[in-house]
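Let's have the full structure, built from the sequences with the hints guiding it.
Residues per chain, in single letters:
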Amino acid sequence: MQFFLNITLGGIASGMIVAAVALGLVLIFRATNVVNFAQGAMAMITTYIAYSVLHRGADYWLAFIVALATGLVFGAITQVVLIRPVQNKSPLNAIIVTFGFLIFLEGVAGAIYGSTTRTYPAPFSEAGQKLGGTQIAFSPFDVFVVLAVLVLMIVMLVLFRGTDLGLRMRAVAFSPEAARLLGIRVRPLLTLGWGLAVAAGAMAALLIVPTSSLTPNFMDVILIYGFTAAVVGGLDSPVGALVGGLATGLSLAYVGGYLGGSLEPMAALALVVVSLMIRPEGIFARPPPRRV
Amino acid sequence: MPVLDIEDLSVSYGAVHALTDVSFSAAEGEVTAVLGANGAGKTTLLRAISGLVHPRKGTIRYDGQQLEKMSVEKIVRHGVSHVTEGRSVIEEMTVEENLRLGSLWRFGRRERGAVIDEIYELFPPLAERRRQHANTLSGGERQMLSIGRALVARPKVLLLDEPSLGLAPIVTARLMAVLRDLTSASKLIVVLVEQNARSSLSIAQRAVVINLGRVVVFDAAATVASDTELRHHYLGY
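Line by line, the protein sequences are chains A and B.
Here my numbering is used: position 3 in the first sequence is 3, and no number is missing along the way.
Here my numbering is used: position 235 in the second sequence is 235, and no number is missing along the way.
It cannot be assumed that every hint is accurate.
Coverage of chain B stretches by chain A, computed from C-beta distances (three or more under 8 Å per stretch; other residues unrestricted) [what the hints assert, rightly or not]:
id: 1; segment: 65 to 77
id: 2; segment: 211 to 220
Sample of chain A residues with no beta-carbon within 10 Å of chain B, all distances over it, derived [stated by the list, open to error]:
id: 3; residue: 7
id: 4; residue: 62
id: 5; residue: 86
id: 6; residue: 127
id: 7; residue: 134
id: 8; residue: 156
id: 9; residue: 167
id: 10; residue: 175
id: 11; residue: 179
id: 12; residue: 181
id: 13; residue: 184
id: 14; residue: 185
id: 15; residue: 211
id: 16; residue: 220
The hints are simulated quantities; they were obtained by calculation from the structure and are not laboratory data.
Since this is a predicted model, take the numbers as computed values, not measurements.
Note that the Cβ used here is the ideal one computed from N, Cα and C, for glycine as well.
Shown next as structure tokens:
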């Protein structure tokens, strides 16, 4: 029972990180119909920048803020320079651009930092805690991870549901032409959407890197899990990203815990295949338009 | 008196000439009906006025400004609202959110409630469904929402593309009555594109008949309605 509890708690913590990655993918897909294959690599770059800030003597939280701010700017610039020119062309163009950008960024990181494995500190202890005499594998850092992603989700929810800016951003995502005809300037909002999505990815990377290690391709696997979560939850649903992330995290934790860690990537693939067979649009995807 | 003045407007899609040397004007407090068969260029005309397509040549003037050089967003902020064909509501949003969107650029937070309430008075079924998603509305309610969303910003020029398409005759009649009253009361310039020539001529003061991208007739609506040969030839009744 304790083993089951421990892998469940571990699955929740990793599921929340996967949810943050999936949220970044969903934010971009909703706004621009582009699957950003470079999401993980962009988050890797912001993590290296945070690492450089840390190594100049700054404290953890300053590096954390620098990574998020860099993600915001990096995402915005990427949208303007790389995505805007292919925005209204064939979807294949955007896929090739983001995939090429992934390879480029990993190459640049490798050239600057090398392929040496580096460690990144956690702001809180990563050791499990005793709860009522029972040792549980849920550390203060895991609590931070869960709270950080919940705060991110709440901020996004308030932004999109409670502010005029969010209302505009949703309108642009759902119907750019209708938004323009209502006097909404579409381009800056698409740029902001990319900025927010990459900032969300940057946060996910900062949450995974202390328990992983910093290398130019450390986000590759987590991006696959994030993509799995986004497909399971629905590529256009932020709620789906959260639920899909948790479902993915828990599924992988159980597979890893009971069948062996080497089967986790296979389990992610199986989850995508089963999800596509049962509900191809995802659990929380928008219902198709209904004519009355 | 401000007039929407269109002069020698030509629009092409590649090698296809959708509009050629179209000229007419629409006056304040009047409905100008744009009539013609499918593919005549009526929708392209409205899309050119609202900036969604760029003309090859010609001018679109309103209130001292040349609209054909402006972006869509600027044209909207200059007082031109365009209700596109097909009840272009945002289906994933509620009725209230759709209306709020229409008011965002024009009004501050405090004024918005009052202007949205005016739309609910104009179209009472929308008030009952304010919290419902737009994809749950009937065709007539969606059309009311499209028009209400355009009106909430209190435009000076309203471009309407086939508002009666697919609606029951009783709903169409009600919409047309609202449009007629609104136009005269608020000094709107309404450019109404319709296949249903009979119903649009019944509320219009002027009419433009377009055939294969060219203006055939621009005259008083009553004159067009009484010209049997013209009606038979171009309007199908």
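Non-interface label on residue 134/A, tested against every C-beta of chain B at 10 Å: holds, 46 Å
Assertion that residue 220/A lies farther than 10 Å from chain B (Cβ): Per Cβ check, residue 220/A is outside 10 Å of chain B; nearest 33 Å; holds.
Okay, the segment 65 to 77 of chain B and chain A, do three or more residues pass the C-beta test at under 8 Å? Held - the segment 65 to 77 of chain B has 4 residues with a Cβ nearer than 8 Å to chain A, which meets the minimum of three.
Quick check: the segment 211 to 220 of chain B, covered by chain A? Criterion 3+ residues, Cβ under 8 Å. violated (count 0)
Please confirm whether residue 211/A is truly not at the interface, meaning its C-beta sits more than 10 Å away from all C-beta atoms of chain B. holds, 37 Å
Closest CB-CB distance from residue 86/A to chain B, is it above 10 Å? Since the minimum Cβ distance to chain B is about 21 Å, residue 86/A lies beyond 10 Å and the statement holds.
Status of residue 179/A, Cβ more than 10 Å from any chain B Cβ: violated, 8 Å
Holds or violated: is the Cβ of residue 156/A farther than 10 Å from all Cβ atoms of chain B? At roughly 16 Å from the nearest Cβ of chain B, residue 156/A sits farther out than 10 Å, so the non-interface label holds.
Status of residue 181/A, Cβ more than 10 Å from any chain B Cβ: Incorrect as stated: the minimum Cβ-Cβ distance to chain B is 5 Å, not above 10 Å.
Least C-beta distance from residue 7/A to chain B larger than 10 Å: holds, 37 Å
Measuring Cβ to Cβ, find out whether residue 185/A lies farther than 10 Å from everything in chain B. violated, 5 Å
Residue 175/A and chain B, when compared Cβ to Cβ, separated by more than 10 Å: violated, 5 Å
In this structure, the hints that do not hold are numbers 2, 9, 10, 11, 12, 13 and 14, in rising order.
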